[in-house]
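2 protein chains.
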Amino acid sequence: MLRIGPIAAAAAFARRAPPRHRLAGNRESIPRSRPPALSRGGGGGGGGRVVPVLKTPKGTRDHPPAQAALRERLLGAVVSCFKRHGAAAIDTPVLELRETLMGKYGEDTKLIYELQDQGGELLALRYDLTVPFARYLAMNKVNNMKRYHVAKVYRRDNPATTRGRYREFYQCDFDIAGQFDPMIPDAECLKIVHEILSDLQLGDFVIKVNDRRILNGVFAVCGVPESKFITACSTVDKLDKVPWEEVRSEMVGEKGLSPEAADRIGEYVQLHGGLDLIERLLQDPKLSQNKLAKEGLGDMKLLFEYLTLFGITGKISFDLSLARGLDYYTGVIFEAVLLQQENEHVEELVGVGSVAGGGRYDGLVGMFDPKGRKVPCVGVSIGIERIFSILEQRLKASGEKLRTTETQVLVATPQKHLLAARLKLISELWDAGIKAEMLYKKDPKLLKQLQYCEDTGIPLAAIVGEQELADGVVKLRDVSTREEVDIPREKLVDEIRRRLEP
Amino acid sequence: MLRIGPIAAAAAFARRAPPRHRLAGNRESIPRSRPPALSRGGGGGGGGRVVPVLKTPKGTRDHPPAQAALRERLLGAVVSCFKRHGAAAIDTPVLELRETLMGKYGEDTKLIYELQDQGGELLALRYDLTVPFARYLAMNKVNNMKRYHVAKVYRRDNPATTRGRYREFYQCDFDIAGQFDPMIPDAECLKIVHEILSDLQLGDFVIKVNDRRILNGVFAVCGVPESKFITACSTVDKLDKVPWEEVRSEMVGEKGLSPEAADRIGEYVQLHGGLDLIERLLQDPKLSQNKLAKEGLGDMKLLFEYLTLFGITGKISFDLSLARGLDYYTGVIFEAVLLQQENEHVEELVGVGSVAGGGRYDGLVGMFDPKGRKVPCVGVSIGIERIFSILEQRLKASGEKLRTTETQVLVATPQKHLLAARLKLISELWDAGIKAEMLYKKDPKLLKQLQYCEDTGIPLAAIVGEQELADGVVKLRDVSTREEVDIPREKLVDEIRRRLEP
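Sequence lines, in order, name chains R and H.
Counting from 1 along the first sequence, just add 259 to a position and that's the residue number in this note's numbering.
Counting from 1 along the second sequence, just add 259 to a position and that's the residue number in this note's numbering.
Just so you know, the hints here were simulated from the structure itself, not pulled from any lab data.
Keep in mind that a hint or two might mislead.
Since copy identity is lost for identical chains, a pair holds within one copy or between any two.
Keeping only pairs whose Cα atoms sit at most 20 angstroms apart, straight-line, the calculated DMTMM-like set for lysine to aspartate or glutamate is [as the list claims (entries may be wrong)]:
id	residue 1	residue 2
1	Lys734	Asp753
2	Lys411	Glu373
3	Lys342	Glu331
4	Lys411	Asp321
5	Lys694	Asp458
6	Lys707	Asp440
Use the sequences and the hints to build the structure in full.
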């Protein structure tokens, strides 16, 4: 469990389904001109040498040790939840055949990184972990599987790095594939989101739930032609960012819906609630006549029953404005949003960013199967980069320093000409499984050695001087209390273990 | 620690420095023609739909759960050794600017995957973790650091997948950067190789050690012009694969050395031994006059002193034929080779594949620094793919089944209409941190539920039937012994924890 102070705020997006509108103009913002291949080194010792530009590619970043340590803790918490739910790990290549990825992401297909044709197959970098998972299931004729996958994905997107949006970023996915009784796996996905967000203590949150079948039913009864369902869906998806008036004018203007249809849609998609709302819509004279909507509402009712047994309905909102971007969803969809007080004077909580999302995609595996064999799937993706930047800001604000190593003991010497003694002792400790370091100097000053312990958080120092060697002991120093005790050499390993017991 | 039977044999290569000769003809073997973009689904339910080709890119592979679990154990063992030596983790992007990678890998540069120019920067996939590490040090002006990095790298190489050679593969690198007293970090790198190969119980092994300065000294005193040092080096590098006669004829024929120079080189590079050989060469009338060779031999002597203190010289061989492929090495180089009996009748052990390699590269960071500021580095790369395929073959031969999940309890019901009871109980277990699963069926048969435990290695089943519900107990079943005990519900979590204590 991670416990790092209060939330740092900023608006952001779930990675699994970026709302389409923020992609507009993406292409234009990337300069077409090539950067100079090499730049001249700036005088000094360089003497006219040609040195490469020192940077990582746009939208990518290095993780120095402090960030890598924080990420390890965060991923550890997420993976431990996935394992708690019985998921197995799989791994798939970062590279996929281009044709595997094409036609799966709608408008976002243009964000896929393609590899140069260097002879051979045409390749691309994976855009998410869901399509490779579907390809994996079809290729290996797997009919049911509960798997997690934590790995990097790539999107040639406009980076917004302060909000945790990168071109290379981790996804943490949990998916259940297989033909099962309705809503049992779907409910587990929501339970997982609830567990992870609670564990990480990110503050208050709400998990919005909807169903693509209900949305399509709404469009149908509002008089939208079926050919416009997907585009209407992507307009509705903007409701978490812009007010209904704007969404309505896009529907009527850009998307060519009738004002009457738009108004009827507006009445539905501004609704949110719980079991009561589901019951009301099941009685809705128009919606209850639509087969798809009725199915979706029936399943939504079942889902709420299961979530009640899990005791988590307090954080769940059935929200008809939730649409999600990607084409492949076919049933339940959901998205978790962190909530925060807008300012000190208003008590109401507002959404400050989506941190998890997912849904049911029953048709994707069939797109890969030569015989069209379907494998129903439901899954969730944890928006780890967004959470990471929240925890990072929190850590910075707290002033707390995360240890970047796990070293338990520094092997030190107080006099000169004792390198051999240090090497011999540290080798004994390593062989006993103790995490140990020494300075890579022949004759370091004791003060420097102890300072290194303080700087890097090493709790113990094992000091061997001439006297200790003669006596067959090691001086074990507690770095924080500065207490020193002579320990017989043969008992040193046990004593270190005893001191460091949790 | 991993303990999985005896070694499975096959010749292979260390990934960090593939010998150059196996790259010959690489380009030709890649078909230039594009594969058909889409193939037709084969009749049946497909009904003429267009489905993509179902494969991973050439030289890449999926890891299904059993392999992912084995890899997790293997990487865990390696990382735990790196942490025992006080290394911090860093992460760098899979993508680098092309110019960062160019001019670092000699002939192997042609194996770099380049990304398509989609507007913006020219990018490539990293070829190893060493050059990105050097770029990181220069970019962040880091002067000393002990880091490990476990991540995938990419080489457009000819895959030989049965021998563990892929186009996408993991590298596990440990490096020490900084200006320190000679050979102390270098000795630690060799200690790490020794610890990892011993821990993994891969069988007998030898770590060959040499120094680029000694090799260059040998070439100089044998009359090779300095301009031919690198090409002579890459020819010597083949000595572990082909006999001296072939190497000699390449030197004289292709590389244009005089027969006399080749013969003189031959006398040196066929030598291998320990401290005795170092002493002998330090007395060698020609070699001892060469400044570089003398430095290298002096440091080699120091290295052997330190390795003696570590107690590992038994596995170390000072071997003048070791050259290693990459350009960037400047001092000590080393390579670990697994040994195996060639056949039942001959007791002598022969090398069956390199599983770790590394060396000192004091000039690489300076190539990135605008002022040419140097940061000396030494590091080791564990050939994890090679080791993985050995362990995989071993596991297959043993018939042992690795668990792919960590589930501790299956929540089961013996009668119909008890889904709610299962959902409620499993939710309690999850919330208490217990790893629990249930079948996603409304009314599964008890036999099916118990069979699932057997198939997936779940040790316990928590069974709630009508009687248990009425009595406020849960029937806890030990899957292997089939013993069942009623446990009061409020004591269930503690009882499960008690049963599963290690």
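Which numbered hints fail: Violated: none.
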